[in-house]
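Chemist: Please construct the entire structure, taking both the sequences and the accompanying hints into account.
Number 176 in the working numbering belongs to position 173 of the sequence shown; there are no gaps in the numbering.
Treat the hints with care, since some could be wrong.
[Said to hold, decoys possible] Derived DEER-like restraints, expressed as beta-carbon distance ranges:
| # | residue 1 | residue 2 | range |
| --- | --- | --- | --- |
| 1 | S147 | A15 | 17 to 25 Å |
| 2 | T388 | E313 | 33 to 41 Å |
| 3 | Q238 | K380 | 33 to 41 Å |
| 4 | E73 | R37 | 18 to 26 Å |
| 5 | E10 | E170 | 32 to 40 Å |
| 6 | P370 | G330 | 32 to 40 Å |
| 7 | E101 | E138 | 54 to 62 Å |
In short, the hints are calculated from the structure, not lab data. Note that CB positions come from ideal geometry on N, CA and C, so glycine has one too.
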Amino acid sequence: MSDQDVETLAAASGQRLIREFADKYANLRERSRRVPIADAKKIADEYSCPLEIGIVAYLINLDGIMGIREAVGLLSSELQRRTNVGEDVPNIGGNILEFSLLEGRWIEYIYSTFVRELELKTRELANLEASIDVETPPIEKVVSVVNSRNRLAETFVSPAVLAWLTEHLKSNTEDVLTAFCLAVTKWKLATLKGKMLQLRRRNQAFFRRLKVILAAASESATADVVVKRIDDIIQALGADLSKMSVSSVAHFILHIAPRPMGRGDRSRYVDVGMSSTRGNKTEPDMASPFDFLERDVQLARRRTGTERSEYLSQRISRVMRVLRYQGNTTAQVIEKCVLELTNRLHIDKAYAAGVIERSKQELANTPSDRQDDIAVKLVFEYISTYAFER
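Modeler: Okay, structure coming up:
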């Protein structure tokens with residue numbers, strides 16, 4: 004691709020980001036008005052954060068992006084960074100909510116849309132890279148790898164990196180590397196910081212290897228152009244982490260993105276070959292919260308002990324938050340969960356009636372701030388007793 008083509012695609016990608024962020028912001032702002040204040044206050048008290056951060060963390064968790072603790076941590080970290088660089092967010096509810104919505108929009112984009120699209124886009128690149136993993140790879144394959152990396156870095160990653168730097172006041176490239184690489188690698192912050200320099204050296208070493216291969220094609224004008232591009236990338240990657248160019252940051256993020264490992268890279272909890280009976284599709288339609296809960300119950304069968312308990316309780320809690328968000332009371336949430344699971348898991352309906360009646364009695368004698376925990380416990384016990392043990 005010519006430089007002009009790359010610039011055209013990068014501009015189009017930037018415009019798409021602007022539209023997507025506008026829609027995401029409007030969606031978060033509208034939904035933030037319907038978040039139960041009691042739930043947001045509970046988050047704020049538990050994690051010692053402003054109520055407004057609790058509201059947005061609640062929505063991020065509700066969307067299945069990450070847990071509440073992680074969402075609060077990311078929002079609070081950026082709030083602290085703003086303070087450290089002299090761009091404090093005024094301690095006023097409206098200002099903190101506006102900050103949280105804008106930053107929450109970035110968290111949802113990076114940890115969902117960006118990571119998902121990056122994984123899809125690197126599949127073809129992984130195949131190309133595998134083709135040069137031989138002693139003497141063809142020159143054409145090497146050129147294809149360099150061009151593919153450059154196209155992905157410049158037209159997909161760079162626009163997002165540039166937009167992040169523009170919106171985050173007084174930020175530098177080390178900040179944006181941390182923001183994107185945490186999502187891409189799923190490492191802890193300490194692990195990422197400890198490996199950052201090593202990863203950069205490996206990135207440079209990869210390009211140096213390609214340069215050595217291309218140097219053999221001394222009479223190729225195309226190879227000469229690619230070698231010049233490689234030299235520029237290697238030099239840009241050698242800059243201080245806080246002063247790297249947007250292009251070199253994009254190449255760094257692309258390099259550390261996990262590559263697909265083939266058909267053997269499957270979770271041990273997934274039953275390969277299981278057919279779906281819903282709509283004659285290879286995967287079930289995940290339309291309602293109960294579709295997800297049914298799937299999670301099946302996945303929980305492959306876990307045991309504490310691991311099963313923690314996994315399933317977390318999934319039940321998430322489904323219940325969605326149902327409460329739709330306007331159901333805690334008693335209605337329990338009843339709907341029990342009845343749906345009874346039908347989907349083919350449990351005797353007589354058991355459901357007993358659990359529903361018991362739940363009403365327990366909720367009547369339980370303070371409102373503990374009813375959510377009781378609801379999760381009751382549904383978990385119902386599943387454990389009548390779905391797993393029978």
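Chemist: Could you run down the list of hints and mark each one as holding or not?
Modeler: Against the structure, the hints:
no. : hint                    : in the structure
1   : S147 / A15: 17 to 25 Å  : holds (23 Å)
2   : T388 / E313: 33 to 41 Å : violated (18 Å)
3   : Q238 / K380: 33 to 41 Å : violated (59 Å)
4   : E73 / R37: 18 to 26 Å   : holds (23 Å)
5   : E10 / E170: 32 to 40 Å  : violated (21 Å)
6   : P370 / G330: 32 to 40 Å : violated (22 Å)
7   : E101 / E138: 54 to 62 Å : holds (57 Å)
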